[in-house]
Every structure is written in C-alpha cells, then in structure tokens.
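*Asks:* Sequence:
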Amino acid sequence: MTRDMADLSMLELFRMEAGNHTGMLEDGLPGLAEDVSPEKVQPLIHAAHALKGSGKIVGLDEAVDLAQAMETVLDRCSGSGEVLPVSSIDALLAGIQFLHSLAEVEAEEMDGWLKERADEHKALLAEIEFPKQVDSPAIEEVEIAETVENDPVLQEQEEIPAEEGPAEEISEPEPAQAVPPKQDIPLADLSMLDLFRMEAESHSQSLNAGLLELEKDQAPDKVEPLMRAAHSMKGAARIVGLTDAVALAHAMEDLLVACQKGETVLGSGQIDLLLAATDIYRDASHLDTDAIQGFFSERKPLMDQMEMALRGDENAASKVCDEVCPHGIPTSVAKPETVADVQVESQPAPVAQTDSAPQAAVEEKDAPEIPAPSQGVRAPEDSVVRVSAGNLNRLMALAGESLVESGRLGEFASSLLRLKGGHRDLMKILEESCERVNHGENAEDVVNELKAAVADCQVMLVKHINEFDLYRRRNDNVSGRLYHEVIASRMRPFSDGGRGFPRLVRDLARSLGKEVDFIIEGETTSVDRDILDKLEAPLNHLIRNAVDHGIEMPDDRVAVGKSSTGAIRVIAGHRAGMLFIEVRDDGQGLDPERIRAKVVERKLAPARMAAEMSRAELMEFLFLPGFSTAGQVTEISGRGVGLDVVHAMVQEVGGTVRADSEPGYGMSFSMQLPLTLSVIRTLMVKIADQPYALPLSRISRIASIFPEQLQLAEDRQYVSLDGANVGLVPAAQILGVSSSHTEEDGLKVVVISDRMNRYGLVVDDFMGEQDLVVRPLDHRLGKVPDVNSVAMMPDGSPVLILDAEDLVRSIDNLLSGGRLGKVGMESAQSGPVQKILVVDDSLTVREVERKLLVNHGYEVDTAVDGQDGLNAVISSDYDLVVTDVDMPRMNGLELTRKIKDDPDLKSIPVMMVSYKDRKEDKLRGLEAGADYYLTKSSFHDETLLSAVEDLIGGAGK
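So that you can map any letter, position 678 of the sequence shown is 677 in numbering that gives the first Met the number 0, and since no number is skipped, the others follow by simple counting.
Everything labelled a hint here was simulated from the structure, so no lab data went into it. Beta carbons are placed, not taken as given, at the ideal position from N, Cα and C, and that holds for glycine. Hints are not guaranteed to be accurate.
As the list claims (entries may be wrong) - Derived Cβ-Cβ restraints for the label pairs, each shown as a range: (1) 842 - 600: 23 to 33 Å; (2) 708 - 811: 19 to 29 Å; (3) 289 - 662: 29 to 39 Å; (4) 572 - 38: 45 to 55 Å; (5) 520 - 812: 19 to 29 Å; (6) 107 - 767: 58 to 68 Å; (7) 289 - 107: 22 to 32 Å; (8) 812 - 647: 20 to 30 Å; (9) 119 - 38: 27 to 37 Å; (10) 107 - 768: 56 to 66 Å.
Stated by the list, open to error - SDA-like mimics (lysine to any residue), calculated; alpha carbons at most 25 Å apart, straight line: (11) 561 - 528; (12) 685 - 750; (13) 299 - 261; (14) 897 - 873; (15) 427 - 457; (16) 533 - 561; (17) 918 - 942; (18) 850 - 863; (19) 905 - 750; (20) 685 - 647.
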C-alpha cells in the first residue's frame, strides 16, 4: 500500500515516543501478574494510548491497531481487577517488541518491512485480543493455578508460602507435559539476539562471581543481585522466544528466591548446579546469533534435567553431575536444606576426606582441564570494544573544543596578513622619509615618524605573539586531555580479566581435595585492553600451578603448622608508571637446591658455576622451555612446565617476569608490564648523530665509563658493573652506521639483556627519557632487523624504536662470526673490505668457508638456508654470494634465480658450492644464473680462494 507518511521530523517524534512508552510498558507489564492496582495499570494505559496517538500522526495503521489492542486489554484488566495471565503478558510484550523494531526502521524501508511482517502482525493482534486471556475469570483462576504449579516456564512472581520451600512445592518434575505449547512467536531479529547475548554474558559473569561468595555468606543482600540476574536472563530469553532458556533461568530464580527468604540454605551441590546452569548461558553468549537457538535446542535434555535438579529431584541431580560435573557433586545434597533441617544439626557436615591412594594419583597426573565451550564458537572478526557513555561524552566534548581551537587559526592567518601589511607600510614610509630628507626636511621629524611606525608594528607583533602563545597552551591542553581520554577509553579494570579465576580455583581445588581461598587485590586497577586479553592465559597457568603444585593437601598443611586452607593472591597495581601483577601462594614453595641439581643434571651449567648461582639466578631457569618433565621431582616438574609461555607473553608486550620462593612458605611470580601498548616510555640515545629510542622496560641500567675502565678477555671487551662483567658492543656496528663518537666525555653504555645474555651497548650520547606513541612499520618493509616500530618526536621528526631482543640476537651473530668490533680503539682496517655472504644449511661447511674467507681479510656473513640468504641479500650489500644447492625452505637454484631476476641484485656474483659434480648438475646451476660452480668433492682452500678472487678480487676494495 501507499502511505501518506508525515515528514521525517514527525517520524523522528514517533521514534522518540515509541522509545519512551515501550520502555515503560516493558518495565510495568510483568508486575501485572501480581498487582493490578490503579497506580500500576493507569500509567500503562496512558502509555498505550500515547503510542496509538503517535501512530495516527505519522499514518502507521499497524502501530495504531497494536496499541489500540493493548489499551483495550489493559482497560478490561483495570475494570475487572483480575491479574493478567502470563500468556497475556507475553503477548503484550511481543507486541511492544514489534513496535520497538518498527520504530527503528528507516522511512523509505518501512512499507517493505511491514509487508514482510504482515502475518506476524495479524498473529500478534489475535493473541493480544483473544477474549480468553481476560474473560471468564472463574475458569481462568483454576487454569492459571494449575499452570503455575506445574509449569516453571509460565510461573512468574507467585509468592511461595512461608511453611514450604520451593523444592517441596514443585518436587514433581512434570512441567513439559502440563500445558500444551503456546503458539510460536517469530524469533526476534538479530539485533535483539545480540542484545540477549550481551545480557547473558553480563549476568552470567555476575552469577559466577556471586555464587562463589554464597558458599561463605548467604545473607539476603548477597543473594538479591543474583536473583535479579537470573530474573533478567529469564526476561531476556522470553523476549527473544527462547522458551527452554526461560525455564532454566526461572528454576534458578526460584531457588535463589527461597534462599533469600531464608526458606532454604544452599549446599555446595546446589551451588554447583547453579554454576553449571550459568555456564549454559555463558557459552551461549560466545556464539554467533544464528547459532543461539540451535544451541539451546541441542541442550534441551540437559537443561530439563538441570531444571528438575534445581527443583529438588535427586535423580536428575545425579544425572546432571555425571554429565557436567566430572569430579562429582554429592548427590546427597542435591535437595536444598530447609531452615528446619539446618537447625536440627548442631555442626555442618564434615568435608569428605580423600584417602591416600587418590591423592597420590592426583599428584602424578596433570591438573585437570576445566571444560571449555564446545560448539558454535564465534569466528574471529574485527575486535569490538565497549566504551562507557561517560568516556564517549568526554571525547565528544574534547573533540568539540579541539574543533573550536582549530577555528582560531583563521584569525591568526588574518592577523599575520595585517602584520605583513604593516611592515609593507613601514617600508613605504622609510622610502618616503629618505626622499624628504634629501629634499631638505628636518631629519629629526622624519626619524620620529619612523619610530612611531616601528612602535606600532612592535605593539601589533607583541599582541599576536601573546595570542599565539595563549592558543598554543590551550591547544596543548585540549590535545593532552583528548589523548589521555582516548587512552582511558582503552583501559579496563583488572577485575574484567579475572572474573573466571575464582571459579577456576574453586573447581580445581575441589577436584584435588584441597581447600583454597582465592583473593584478588587491586580489582579496579586500570589495564590496557590488549594487555588484559594477553594476560588471561599466563595468569590462568600460574594460578593452576599454584593450586595443583603449590598448595599442599589439608592434612599436610596442618602437620607443618599451617591452616588447612591455603591462600592464593593475585595483586595488581601501578608502580613507577608500570603495571605490576603478582601471583603469590602460601604453599610448599620450591627448594633452590633441587633446581640447582636439575640445572647440573640437564647440563645447563657446569656444577661449579651452578654452585655459585644466587636464588634469583636459579629461578630464571624455570622459564626455559622444557626445563621440567613429567615424572621428575614434584616441585620442579610442577613449576617448570609451561612457564616459558608466561615469559614469552610478558616479553611480547615489553615487560619482565621474576620468580621467587621461600621453601615451605610459598611461591610468587611478579610481572612488570607497560600500562598501555600504544604508548611506551623510552630512553632516547644518539647513534651516528641520529636519535634512536630504546624501551625503558628492556634496559637493565645505563652508565658512563672511561676508556681506562675497559678490560679485555679472549679478545672481547668488557667492563665491570654492579659486580658483574658486561661485554661491550658498538651500537653503530650493530645498526650498520658510521659512529661519530669521541671519547672525551667517556663511553655511554646501555645495558640490555635477554634470558641468558647481557651486553653493554655503546652509544654516542644519552638524550633523556621520552614517552612515544608507537606506530607499526609499513608491512611492505617486512621485518626490519633490530627495529621494532617507529614514532614521532615532539618536533614532528620520525624516530626508530629499537628491538632489544633483536639487538641481542644480532650481537650473538657477530660474536659467533668473530666480527665484533671494539670501542675506544681505531680499526686496523685502513679501507673498506669486500663483503661475502655464505649460505649453507651445514654448520660445519658454513664455518669452514667463513673462517677461510675471514682469515684472508674478507668480511663474511652467514645464512642457514636460501630464504634466510635472500632476506640477508635484500637487507644488506654484498660483493659475492657463496651458496649450497640442496637446502630447506629455498634451495640454491631458487636463491640464484631470485637474485638474478631482481634488477637491484642481479649484479651480485653468485658462486655455487655443491657435492653434486655431474655435468648436468653444473649446467643446471649455470642456467639458474650462477657465475661459478665449485664441487665440494674437489674443494680445498686454494680452489675456493682462487674462485673468489676470480670473481671479486682481493679482500680490499
């Protein structure tokens, strides 16, 4: 049909009206199942009437019909004084959802939208207007009473008699057969399912955290928010037509209501069941919207069993425990305890003690895995972040301020033009004055006029300078606030990343027969979203290790004078501009002597060296990959496995991790991480008259030393700092630039390290600390050696942020090649030398060729295969490439072709050295582009050197 639609402003008015009134109806309608007093019903009648009027104004007949039907039902309800049955409330809520969705449709799409949903609109009208919903009150009372008693799906806020708990009231699990299924309501659109998913995620998190608290304290104020969360999940599920989800949430709500009223005390079995039910909604929140309905349909049998178990059916509880609780929930506590039951017993039931055999079995196996969501997990997609309304409002305000300040630049441009005109006028006056003096006028009068003109220009200039300075300060202020607000919008409280840990500790401790308290300190500490996401796996591993291998069995703890309950603390806070996180337990700890013995056993260090290592140095070995293996000493095997993953994550974000232990008193892991990944604190250094940045988190210390402090061992320079010898490396040599450093003011040393090595990087000068906004390198550059990223200096010039780990690797390569230069000494080489790349997958062949060429004055780099060699050729300049033929990843033939096919590289001579000595092999190599083919079978010093000299001449250029 063709609609004479009012203008867009009227349609916008309808949208606003619909948003306000549908919200009021959604909030008020559920209460009409219990209370239809005039103060409850009249506002809803007015809301329906206002919706009808708004629909008429914009010509939406469908909205008018629905609103009229709602108003009629509510009028009859008000007149009769009878409460509305749940089926009528459901129908009214479905109609409200239809109007809400209609209001969001664009004007040009509205006719098509209504045509597509014409059948749905008719069905809704029929369901709302069906006389049985509000007529024949005598019959309705009987039917509703039976329905409420037998069907948890339709049961709403019926009062539970004080003398009966909910378990006894609905102990007969016959809900599904009691009432025939109502007419299906079409599932809400995907946007509504998205809202349901968000609701399920939020409320399942609240339930997970709150239910663990109920094991310690079941005060009504603790139960209230959990009951509300279950009620909200029930409502959200009803709105989108997920009936099975409604039933389970209703059962959860009923049990929590009974607990809140003091009619029952929740045992560990009920809390386990509530947690298992919560997991259903949590898993659903991780699914694609189109998979949610199927997810609940597939789990209907399990959810039915859960529902009956929550209502007191012990057989159902046993079945649920077998399926979702592999470590067992005592079925004897599946039925809630009434208050009377609790009063009869003077002491709580003792905790079941496990015998020694199961304990031994637990120690031998790995920590049990907590089941993960199984099906329909959402595919990776662009990351989405939630920003609070307050953050968004502040960003908008600051963006507005910035826009206003930018507008003032136009005024400055105009004033500068006026100043330019003033100077032009001044020059004209000066020229005229010269002519007047030449014509005999009084020079003093002319000079006074010139002074006055210059003074005017100076006043104007001072005024503009002051205005510009004020603008600069205001602009700096706005930009700084805007920047900090953007950073703040990326931050989340630490508690967001730790919601699952209390549940993890509880389940794992129960499965191992241990008693553990879990405490998080610093929950409100702000953490960058990216860092918080990366922290989940390392913290999960450390916490599991603490429960499984750190905390002792209760009897063992009591035997050594400890409380039977162990404690694990996760502490988060900000210290010195960094994020500090510590995971600490009060368990058995690690004996450093056992680690020392393990280090010697695995030949990671000589016995003499290991004997001199401090406790801190020994703890570093825990982070080595594969340091511990199953079947070794319990403390070491438990603490070592997987800690390299923790270390890798911390290193990835530019942080540090340290372990410490006091045998018998516990273990701690301390992580120091940057507050955000978008901004890093750096030390600015000068190398070859160019600025470079080094992340402060990767610097051990800095120092200024003098040449007389240098020492030499095995032809390598070092200096003693803090009682340790630190090898010195010229930074300019690592980066391949020419140093302009002088020794007048001493040597500037930046100490960097990885897990095993420590080096002093000699730079030209220190330039101070600087916060830099990190920008990634262009992906087309690939991995640039020794460079991590780039940033802009305050003056707008770019600066490279160096990669400390890459620098350490580069230093190792120079050391292994014997090519590391010295500081404080002039190079013995009088001129440039020829540079050769040796490519071979055999370490022996590589070293023989390298040493031979180095001994004859050539500079030599090595590569382990063709791909590595190609990367080296692209990133550096070589006079010759010597390559093997058969290598992994890329063979010598492919490498040669790629070099010869590249316009920038094809001039580099390539020599092939291979065991293959057949004529066809040599021909294949020459056809690929090789300039020389040498067989290893006839290989000897003179042959190789002669071939090299034939191609590029001697070592000197």
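*Asks:* Does each hint hold? Answer for all of them.
*Replies:* Against the structure, the hints:
| no. | hint | result |
| --- | --- | --- |
| 1 | 842 - 600: 23 to 33 Å | 27 Å, holds |
| 2 | 708 - 811: 19 to 29 Å | 24 Å, holds |
| 3 | 289 - 662: 29 to 39 Å | 55 Å, violated |
| 4 | 572 - 38: 45 to 55 Å | 50 Å, holds |
| 5 | 520 - 812: 19 to 29 Å | 44 Å, violated |
| 6 | 107 - 767: 58 to 68 Å | 60 Å, holds |
| 7 | 289 - 107: 22 to 32 Å | 27 Å, holds |
| 8 | 812 - 647: 20 to 30 Å | 21 Å, holds |
| 9 | 119 - 38: 27 to 37 Å | 33 Å, holds |
| 10 | 107 - 768: 56 to 66 Å | 57 Å, holds |
| 11 | 561 - 528 | 38 Å, violated |
| 12 | 685 - 750 | 15 Å, holds |
| 13 | 299 - 261 | 31 Å, violated |
| 14 | 897 - 873 | 11 Å, holds |
| 15 | 427 - 457 | 17 Å, holds |
| 16 | 533 - 561 | 35 Å, violated |
| 17 | 918 - 942 | 19 Å, holds |
| 18 | 850 - 863 | 16 Å, holds |
| 19 | 905 - 750 | 40 Å, violated |
| 20 | 685 - 647 | 29 Å, violated |
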